[in-house]
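**Q** Start from the sequences, fold in the hints, and give me the full structure.
Read off the chains here:
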Amino acid sequence: MSQKSVLVICRKAPYGSSAAREALDIALSGAVFDLQVSLLLLDDAVLQLLPGQNTGLIGEKNLNAMLGALPLYDIDQVYTSLQSLALHGLEAQRLEPSPIALDSIELQALIKRHDMVLTV
Amino acid sequence: MSQKSVLVICRKAPYGSSAAREALDIALSGAVFDLQVSLLLLDDAVLQLLPGQNTGLIGEKNLNAMLGALPLYDIDQVYTSLQSLALHGLEAQRLEPSPIALDSIELQALIKRHDMVLTV
Amino acid sequence: MVQGSMIYTLVVHSAPYQSASAGTALRFARAVLAAGHSIHRVFFYRDGVHNASALVSPPRDEQNIPAQWQQLAQEHDLDMVVCIAAAVRRGVLDAAEAKRYEKANHNLADGFELSGLGQLIEAGLQSDRVITFGGQR
Amino acid sequence: MVQGSMIYTLVVHSAPYQSASAGTALRFARAVLAAGHSIHRVFFYRDGVHNASALVSPPRDEQNIPAQWQQLAQEHDLDMVVCIAAAVRRGVLDAAEAKRYEKANHNLADGFELSGLGQLIEAGLQSDRVITFGGQR
Amino acid sequence: MTLHILNTSPSDRNTFLSCSHALAEEDVLLLIEDGTYWLLPHHRAELARIPARVVALSPDRQARGIEAENLIEVDDAGFVELTVKHERVVSWF
Amino acid sequence: MTLHILNTSPSDRNTFLSCSHALAEEDVLLLIEDGTYWLLPHHRAELARIPARVVALSPDRQARGIEAENLIEVDDAGFVELTVKHERVVSWF
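Chains as they are written, first to last, in my numbering: chain V, 1 to 120; chain D, 1001 to 1120; chain A, 2001 to 2137; chain X, 3001 to 3137; chain P, 4001 to 4093; chain Z, 5001 to 5093.
Since the hints were derived computationally from the structure, they do not count as laboratory data. Be a bit skeptical, because a hint or two may be false.
As the list claims (entries may be wrong) - Covered stretches of chain Z (chain V as the covering partner; in silico rule of three or more C-beta atoms under 8 Å from a C-beta of chain V):
{"hint": "1", "segment": "5031-5039"}
{"hint": "2", "segment": "5062-5069"}
What the hints assert, rightly or not - Lysine-lysine pairs mimicking DSSO-like chemistry, simulated, CA-CA at most 30 Å apart:
{"hint": "3", "chain 1": "V", "residue 1": "Lys4", "chain 2": "P", "residue 2": "Lys4085"}
{"hint": "4", "chain 1": "Z", "residue 1": "Lys5085", "chain 2": "D", "residue 2": "Lys1112"}
{"hint": "5", "chain 1": "A", "residue 1": "Lys2099", "chain 2": "X", "residue 2": "Lys3103"}
{"hint": "6", "chain 1": "A", "residue 1": "Lys2099", "chain 2": "X", "residue 2": "Lys3099"}
{"hint": "7", "chain 1": "V", "residue 1": "Lys4", "chain 2": "V", "residue 2": "Lys112"}
{"hint": "8", "chain 1": "V", "residue 1": "Lys112", "chain 2": "P", "residue 2": "Lys4085"}
{"hint": "9", "chain 1": "V", "residue 1": "Lys61", "chain 2": "X", "residue 2": "Lys3099"}
{"hint": "10", "chain 1": "D", "residue 1": "Lys1061", "chain 2": "A", "residue 2": "Lys2099"}
{"hint": "11", "chain 1": "V", "residue 1": "Lys61", "chain 2": "X", "residue 2": "Lys3103"}
{"hint": "12", "chain 1": "A", "residue 1": "Lys2103", "chain 2": "D", "residue 2": "Lys1061"}
{"hint": "13", "chain 1": "Z", "residue 1": "Lys5085", "chain 2": "D", "residue 2": "Lys1004"}
{"hint": "14", "chain 1": "X", "residue 1": "Lys3099", "chain 2": "A", "residue 2": "Lys2103"}
{"hint": "15", "chain 1": "X", "residue 1": "Lys3103", "chain 2": "A", "residue 2": "Lys2103"}
Predicted, not measured: the structure shown is a model, and the values here were computed from it. Ideal Cβ placement from N, Cα and C applies to all residues, glycine included.
**A** This is the structure:
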């Protein structure tokens, strides 16, 4: 069997629910099993990339810090859409890790080049 | 203790989750305990009032039929907002049971005249 | 009770992990008690019934919300009621319900009690403030 | 297996009552099998782990989704895996996990198995199609 | 070709917009659960602007009391067929 | 006077709109959890159009990496005080 690729899509903010954390867990699992993993953060999920998150008072782990560890798992690139950045008025270069922002055509191409898509 | 009034607000469609059903259960409970109960269906909850629901194939009970039983519990009036009707392009008189549609001022007044508000 | 103190009822609609509101409700309960107010009842409804599971077992570096409710209840003698209709549908049973439904096991944590929606209505009648913590479909 | 038949993996993210998607997943699984395709695995993740609770006890006039999964699995020898990390956090335990976490009871229904996320990845590799059924925050 | 599945009502504009941006012309959009509310007359014009083909899941539409005029729909077996015909499936919820 | 509590992000326009229609001038809107994303610079202008006073829950804002410029915020004790000062509470989620 040839190496399959998986696109993990998350659309949720980091602490409103466990979605962001559990999307990340899928991405890391895919990487551990030597799949080619891409992480696509759309809509509220771009908020996972806001710097300066300080979760001490709400008793949650800092998800942004966990996203910083993605390169250790050979997930070098995080994607978002121009539309998602515009939704919250964010600039890619001010986010951590800084995502690649795709237009519609590129978004469609990203989906097309993956064998499997898992939305969380 | 004088008779208290409770406003039950639901904003969810009938079958996407159990929210609509469990909002109705609270309203009926309040009525059984002799509270003055008002039911306010906002946003997607107006969709609970669409006639002709046929739930046989999805294995759920017909929620619209259950709403028809509200008068038996002395909950004679269901409220919505003009904004909620406009959201889905619906007319109050074509809905069952037909709700009273409130503008913003009336909505604020409805909230103000209840002792307690429970959102589901 | 301090002067000007109030009586609260809290209604919890979400499970831990499902919505941040499960954690917010717990923080709010602590702050209410710290301010000298009293809590007449915490009522767990909808998916919030999972806050009363004895089997929730988070990793050590994550908060255990059911355990924290239990501890708070013990320290302040809280009345924690879980809607029985919402709970049995979702698989949260005490010994009596387990027997009624012929289940070998039960999982309602100590300190919680299954009862009807009437307990929410009654709590509303007895309280100055009723606050709902929700956050799901 | 009929000619042109496909291998599926289904991923279920929501609990019964939480989202209609719990019911949709079950209907889809039935239709997949009726069409002569095969299901390599049904993987229960996030709040979907509650589909595997042995304690769910709906009123008689409501569908019992966990029981229906069990029946379907028995008829078609389905492999139903529940994400262990998602499950123990939410209070869905088998006997081994109950022992590990020192709980007196366990509640994983027969026919379901707790295992790691690797089982989702492996299923994806073995399947022609992977379909996610979700619907919550 | 990708099958996109949408299960959110028109009140969730954002899920619809993200889904429609991700839809290629040769893709198909399947409306299920509360996604079938997109078939209400009020929402048809916006739905029609989607460049891809749109299909609805009939049991879910019927449950909600929505009329079936001028639309292509499938039953659960047809849902399965759609997943056979498309190389991958993306769920939007 | 009513305290309204909103915990949804600006991507859920509908919850925000319903809440703002229900807000009387003398009411207060408390932003908690993902509702604190309304404090992002991009959303401030729309938030400012609300006729009522707006307050944010500080621990939730800090967790999300949102800056606190020019806004009134409360800690958990302040949240409780707000519920004392208002006759009733309406939660929007």
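**Q** Each of the hints needs a verdict: does it hold here or not?
**A** Going down the list of hints, with the structure as the test:
1. With 3 residues carrying a beta carbon less than 8 Å from a beta carbon of chain V, the segment 5031-5039 of chain Z meets the three-residue requirement, and the given coverage holds.
2. Check result for the segment 5062-5069 of chain Z against chain V: holds, 6 residues qualifying (beta carbon to beta carbon below 8 Å, three or more required).
3. Between Lys4(V) and Lys4085(P) the CA atoms are separated by roughly 20 Å; this keeps the pair inside 30 Å, and the hint holds.
4. Simply put, Lys5085(Z) and Lys1112(D) have alpha-carbon atoms about 15 Å apart, close enough for the 30 Å limit, and the pair holds.
5. For the suggested pair Lys2099(A) and Lys3103(X), the alpha carbons sit about 19 Å apart, so the restraint of at most 30 Å is met.
6. About 23 Å separates the Cα atoms of Lys2099(A) and Lys3099(X), which keeps this hinted pair within 30 Å; it holds.
7. For the suggested pair Lys4(V) and Lys112(V), the alpha carbons sit about 13 Å apart, so the restraint of at most 30 Å is met.
8. Between the alpha carbons of Lys112(V) and Lys4085(P) the distance comes to roughly 15 Å, so the proposed pair stays at or under 30 Å and holds.
9. For the given pair, Lys61(V) sits about 27 Å from Lys3099(X) by alpha-carbon distance, which is consistent with the 30 Å threshold.
10. A distance of roughly 27 Å separates the Cα atoms of Lys1061(D) and Lys2099(A); the hinted pair therefore holds under the 30 Å criterion.
11. A hinted pair counts as satisfied when its Cα atoms are at most 30 Å apart, and Lys61(V) with Lys3103(X) qualifies at roughly 25 Å.
12. Under the criterion of a C-alpha separation no larger than 30 Å, the hint pairing Lys2103(A) with Lys1061(D) is consistent with the structure, at around 25 Å.
13. Distance restraint check for Lys5085(Z) and Lys1004(D): the Cα-Cα separation of roughly 20 Å lies within the 30 Å cut-off, and the hinted pair is therefore satisfied.
14. Restraint check for Lys3099(X) and Lys2103(A): satisfied, since their Cα atoms lie roughly 19 Å apart, inside the 30 Å limit.
15. With a C-alpha separation of about 17 Å, the suggested pairing of Lys3103(X) with Lys2103(A) holds against the 30 Å cut-off.
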